[in-house]
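**Student:** Chains as they are written, first to last, in full-length UniProt numbering: chain B, 1 to 954; chain G, 1 to 214.
Since the hints were made in silico from the structure, they are not lab data. Certain hints may be false.
Here are the in silico distance ranges between beta carbons for each label pair [as the list claims (entries may be wrong)]: (1) S175(G) - N863(B): 54 to 60 Å; (2) E526(B) - T57(G): 21 to 27 Å; (3) T57(G) - K696(B): 25 to 31 Å; (4) E79(G) - P816(B): 24 to 30 Å; (5) S105(G) - K132(B): 22 to 28 Å; (6) K40(G) - K132(B): 28 to 34 Å; (7) N769(B) - D44(G): 16 to 22 Å; (8) Q42(G) - N769(B): 33 to 39 Å.
Taking lysine to aspartate or glutamate and the EDC-like style, the derived pairs with C-alpha atoms no more than 16 Å apart in a straight line are [stated by the list, open to error]: (9) K82(G) - E850(B); (10) K69(G) - D759(B); (11) K15(G) - E48(G); (12) K278(B) - D81(B); (13) K947(B) - E818(B); (14) K179(G) - D41(G); (15) K40(G) - E765(B); (16) K418(B) - D346(B); (17) K418(B) - E526(B).
All values derive from a computational prediction rather than experimental measurement. For every residue, glycine included, the Cβ atom is placed at its ideal position computed from N, Cα and C.
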Amino acid sequence: MATFATDKDLNAGTSQDVHLGVNSFSAIACVEDRDISLATATTEIFGRFQFLKVILTINHFKTLLHPNICEYVEIVKGKHDRLFVIFEYHMNQLGKLYSRDNEGNIQVARVGDNMIQEWAFQILKALAYLNKNNITHHNLAPNNILLDSQGRVKLADYGLYFMTKGGVNVDFPIGYPHYIPPEAIYHSIDINETTGKVDVWSLGVILAELATGAPFWEGNDKDISRIFSALWKLQSIAEEDEDEELWDRFAVCQLGINGPILDFLQGTDDDENVEFRKLVRACLEVNPSNRCSPEQLLSHPYFSSIYENDFSNNYRYWCIKPFLQSQKFEVDDDFLEPIDDPQNKDVLDGMPLSQIYYFWKLAGGDVESELAKRGYMSSTPPIERIPRTVKVLDGKEEGTTKDTAFLYSDTVYSLSLKELRQRLKSVAGPNKETFEWDTDYFLVVDENDMNFLVDEIVDDENSGPKDERLEELIGKYLFPDPNNNKPSSSSVIGQSPPPSNNVKSPLLAREKDVVYQFQRVALFSELLRQYPASRDEIIHQAKVDIPPFLRGKIWAAILGVNGDYQTAYDAYDKETEKENQTDRQIDVDVPRCHQYHQLLSSPVGHEKLRRLLKCFVAANKQKLVYWQGLDSLCAPFLTLNFNDEALAFSCFHAFIPKFMKDFFISDNTPVMQEYLAVFRHLLSFHDPELSRHLNKVGYHPELYAVPWFLTLFTHVFPLDKTYHLWDKILVGPPSLPLFTGVSIIRQFRDTLIKTEFNDCIMVAELFPNVDIEKCVQSALSMYKVTPPSVIYRVHESDTKTGENQHDQRWWEQPTPIEVKKAELTPRISLKDLVKLKNYVLVIDTRTEQEFGRGHFPLSINMNPVHLEQLSQALWQEKKKYHVVVGIRGESGPQFASDLVNAGFPRVAVLNGGIDVMRDDGVGVVVCTCACPPIKAPSKNRDVIYWKCTQNLMN
Amino acid sequence: MSAPGNRHNSQAPGKLFQFKLVLLGESAVGKSSLVLRFVKDQFDDYRESTIGAAFLTQTIALDENTTVKFEIWDTAGQERYKSLAPMYYRNANCAVVVYDITQPSSLEKAKSWVNELKRQADPNIVIALAGNKSDLSERRVIDTETAQNYAADAGLLFFETSAKKSTNVNELFTSIARKMPLDQLAANSRARGNNLNQRGVDLNHPVAQNACSC
Numbered sequence: 001m002a003t004f005a006t007d008k009d010l011n012a013g014t015s016q017d018v019h020l021g022v023n024s025f026s027a028i029a030c031v032e033d034r035d036i037s038l039a040t041a042t043t044e045i046f047g048r049f050q051f052l053k054v055i056l057t058i059n060h061f062k063t064l065l066h067p068n069i070c071e072y073v074e075i076v077k078g079k080h081d082r083l084f085v086i087f088e089y090h091m092n093q094l095g096k097l098y099s100r101d102n103e104g105n106i107q108v109a110r111v112g113d114n115m116i117q118e119w120a121f122q123i124l125k126a127l128a129y130l131n132k133n134n135i136t137h138h139n140l141a142p143n144n145i146l147l148d149s150q151g152r153v154k155l156a157d158y159g160l161y162f163m164t165k166g167g168v169n170v171d172f173p174i175g176y177p178h179y180i181p182p183e184a185i186y187h188s189i190d191i192n193e194t195t196g197k198v199d200v201w202s203l204g205v206i207l208a209e210l211a212t213g214a215p216f217w218e219g220n221d222k223d224i225s226r227i228f229s230a231l232w233k234l235q236s237i238a239e240e241d242e243d244e245e246l247w248d249r250f251a252v253c254q255l256g257i258n259g260p261i262l263d264f265l266q267g268t269d270d271d272e273n274v275e276f277r278k279l280v281r282a283c284l285e286v287n288p289s290n291r292c293s294p295e296q297l298l299s300h301p302y303f304s305s306i307y308e309n310d311f312s313n314n315y316r317y318w319c320i321k322p323f324l325q326s327q328k329f330e331v332d333d334d335f336l337e338p339i340d341d342p343q344n345k346d347v348l349d350g351m352p353l354s355q356i357y358y359f360w361k362l363a364g365g366d367v368e369s370e371l372a373k374r375g376y377m378s379s380t381p382p383i384e385r386i387p388r389t390v391k392v393l394d395g396k397e398e399g400t401t402k403d404t405a406f407l408y409s410d411t412v413y414s415l416s417l418k419e420l421r422q423r424l425k426s427v428a429g430p431n432k433e434t435f436e437w438d439t440d441y442f443l444v445v446d447e448n449d450m451n452f453l454v455d456e457i458v459d460d461e462n463s464g465p466k467d468e469r470l471e472e473l474i475g476k477y478l479f480p481d482p483n484n485n486k487p488s489s490s491s492v493i494g495q496s497p498p499p500s501n502n503v504k505s506p507l508l509a510r511e512k513d514v515v516y517q518f519q520r521v522a523l524f525s526e527l528l529r530q531y532p533a534s535r536d537e538i539i540h541q542a543k544v545d546i547p548p549f550l551r552g553k554i555w556a557a558i559l560g561v562n563g564d565y566q567t568a569y570d571a572y573d574k575e576t577e578k579e580n581q582t583d584r585q586i587d588v589d590v591p592r593c594h595q596y597h598q599l600l601s602s603p604v605g606h607e608k609l610r611r612l613l614k615c616f617v618a619a620n621k622q623k624l625v626y627w628q629g630l631d632s633l634c635a636p637f638l639t640l641n642f643n644d645e646a647l648a649f650s651c652f653h654a655f656i657p658k659f660m661k662d663f664f665i666s667d668n669t670p671v672m673q674e675y676l677a678v679f680r681h682l683l684s685f686h687d688p689e690l691s692r693h694l695n696k697v698g699y700h701p702e703l704y705a706v707p708w709f710l711t712l713f714t715h716v717f718p719l720d721k722t723y724h725l726w727d728k729i730l731v732g733p734p735s736l737p738l739f740t741g742v743s744i745i746r747q748f749r750d751t752l753i754k755t756e757f758n759d760c761i762m763v764a765e766l767f768p769n770v771d772i773e774k775c776v777q778s779a780l781s782m783y784k785v786t787p788p789s790v791i792y793r794v795h796e797s798d799t800k801t802g803e804n805q806h807d808q809r810w811w812e813q814p815t816p817i818e819v820k821k822a823e824l825t826p827r828i829s830l831k832d833l834v835k836l837k838n839y840v841l842v843i844d845t846r847t848e849q850e851f852g853r854g855h856f857p858l859s860i861n862m863n864p865v866h867l868e869q870l871s872q873a874l875w876q877e878k879k880k881y882h883v884v885v886g887i888r889g890e891s892g893p894q895f896a897s898d899l900v901n902a903g904f905p906r907v908a909v910l911n912g913g914i915d916v917m918r919d920d921g922v923g924v925v926v927c928t929c930a931c932p933p934i935k936a937p938s939k940n941r942d943v944i945y946w947k948c949t950q951n952l953m954n
Numbered sequence: 001m002s003a004p005g006n007r008h009n010s011q012a013p014g015k016l017f018q019f020k021l022v023l024l025g026e027s028a029v030g031k032s033s034l035v036l037r038f039v040k041d042q043f044d045d046y047r048e049s050t051i052g053a054a055f056l057t058q059t060i061a062l063d064e065n066t067t068v069k070f071e072i073w074d075t076a077g078q079e080r081y082k083s084l085a086p087m088y089y090r091n092a093n094c095a096v097v098v099y100d101i102t103q104p105s106s107l108e109k110a111k112s113w114v115n116e117l118k119r120q121a122d123p124n125i126v127i128a129l130a131g132n133k134s135d136l137s138e139r140r141v142i143d144t145e146t147a148q149n150y151a152a153d154a155g156l157l158f159f160e161t162s163a164k165k166s167t168n169v170n171e172l173f174t175s176i177a178r179k180m181p182l183d184q185l186a187a188n189s190r191a192r193g194n195n196l197n198q199r200g201v202d203l204n205h206p207v208a209q210n211a212c213s214c
């Protein structure tokens, strides 16, 4: 379970009264140095934002959930590159204590000392935590110190400085003038300085204000320059070598600091709060190198009373090992009592914020239009924004007016979740609990959608056209799903509740259906919680579809990623710069890999992809090497697990041996050639006409299919299509990519069949437009009717060992690659042939005498040269499969290609020819009947063939 | 923008010659970008790497009576894909070997491609050397003279190009077309008859294919 669940997931129920806040700003147009780094400031911010998401979400093992900071949910790009940051928001904040009196002076409401102490402690804890993660708030002010419904401090806005690279990426200053420390004036602060001392000063100011009820700076709060000069002076006063306490000095009293504040700092008001005063004074240490860090202040004597009790913390940390939900159960009568009335329960209660936001979007929410609706960003007509003055020499623009659509504002808007709640209420009603285990519901879906994977096909006479049904049954009988894992909780199909309409709708519609996704996410969250025990069930459910919100984790579960993958990942050397070909190649490939993608094009994305690829090389030392294309292949895992590199790597690492075994050895020629040969066989098998045409014009798979299979289509399709394709490939058999290739090319058959080579190859440009869902469906239906021996590959995955490996008779030896390449048709094993008996026409090309001595029951014997004259007769047999039997398989392949060229479907050569039948234990009775010759009329002279009529097979 | 008016869409009267051209060179020197500029007059900062090979065609008019159609095979640059290369250059009439003027190793790689072509490819193959990314002059490490001298010694056409700024791209391909022994090819193809069915890349059966006059 806990592998993919956070503590927050496990201890659901804390999110009540949480709001999604939005706040918005614009990045500067571009970063310097544009020729070298093509990233825009916006892209940089996107990349860095991802790190903020990590802090409170899914970085298991490394970081801990912190109760005192608000979670960052998402960053969205709007028009004009305007950015919208969505984060956890609470209505209550310290800023509410501040008000203005009739004369416009700021007043601070008084609160109890205990409360101040509690707040100060929690703020410091949050700051210390941020510090540990190399983040400085740099923007601390009463209005971003939020309070949740239990009165706990929740710091907000702490990521602005970090995500904008210390303000480099934006045009506005970060930090409230009232709360910035002196060093912020006299020298620019090092972006990498993350000791949090800036924040400590701000906290000092806030605490002094809370303690005295007066603002720190007196007078008009709009007069920022006065504060700046005061800070400047304060700095120089502090540097003077004097014995007198800083706050007691006359010069300090002239700086415009409010009287009550000074009284407090000087300790002239009363002496009750000695430790508190000491703390505030420590915070307001002018010299940053003497100022304490948040971590140090936590052990300040002022907090001694709290600190002792703080270990309770009430927060459970990450659960590293799987544990049973039942372990948490205690024999407690109360436990059984409070079952909420489901009708009144908030559907969003306990749901991770990112999930709430995801559903909010699905329900039609759009941050930008939501804010526009509320009058935010009322934009000035462009003509009004034209600079009133010309640019001056140093390149600075003067006189430009920016309207609200371009400036930063710290106003936070809370997204309304009312509609979402209403839409979800109906589904989250009393049936919710039973729903979670109602897998039959999805099996019904399976029947029309992906039935090749369903274990049992119900014998329903009404289903489907006759032809398709037949194929289905053959497929089922012959080639059971290799991943045949009977899901634990599935029961008989047909007794389940009727499927709702949305599950039958197209995949893309289902993905946009908030109600459907809500159900799917609930189901998969539950299953993931029980991973790895629930792996079979996850695979079973994933065959229906995979909810995009949980895709990364579900893929990981399907791939069987488990255990402490973080440690494993950490152990690989990914950082050492080596002056070798591989590193150089990775360096040039990464910055051009799927660069239309917001995360992959960010500098953070480049770093991550680079590390993953280097890790791949390190982890496969001496076995696999870096091939161009691995970058594309790795991209889906990275984008889905952007904040969990180790998980991305583990998925990547598990994926390759399963679907692409030996593709990346340093000489992969035999592997690829075999793969492409099998692909060509499959195309001939399922679409002889197209295969013949492409063969004729010289449009060989070597010319177009290398990037398909070497990157499993990630180089061909944009990522969103790749996700859908891989959703199916992951739960399918290892040979599914081959069938996918066939169905892609068949989607364009009408165009291809009419064109010559040059135009054919131009069609390749259209390939990215294929309909993935249709493509996968057609691939699966072809898979169902394809005998396993036809797609057998020597270099196939270990997970599926062909029976051939155990047999050492000559015809069971793997066909040499050269032979495979030369042949247009596949070879079929006797075992598979026997299973096909009712659907196959066996064509024996040996001599009449040999045929008489023994042949496959019901086979036809003919001279290969007579194909043209006899094709009519062969067609009349109306068989779905055509298998050629020759002498030791030698004469067969040529005749089989002739059959393909004549348009016969599903042509294969019996591997080993007639010899296999004499010597195999499959139990074929060799027929020795002496059938009478049949004459077939022909133009010039009649040709003769023989047909066995004794059905010994039954 | 250099002479896009040079291009015609094959309907020109007179002779149409068809040539197979292959692009070779180290990874990320800009092979695909040169082709993209030549064929579509576009440039893409984030051009994805080429896996295996990509195919494109472009037709240019040399004069009123002569049109040349290039069938261009753009290959993957990574050394590992080298084993695929013979498949693409085997019947090529012309080749563009590309290096990056900001990458010292790329000229070495280009030289080794030239050697390989001279050893393995059609003896009459026309080879051009292209020093790409000439717009990045401030980062140049291979000076024009070095490459020019090498090209002259090896008997190659030589251009410094910029796919990004569209410098010398059309000139490069046009010069190749002009250097092809057109008259001789026309005579040959008349003698042998049209050979249009045998198109593209040689996989198993080597096919002599040059040009046809229509």
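**Student:** Check the structure against each numbered hint from earlier and tell me which ones fail, lowest number first.
**Tutor:** Structure breaks hints 2, 3, 5, 6, 8, 9, 11, 12, 13, 14, 17.
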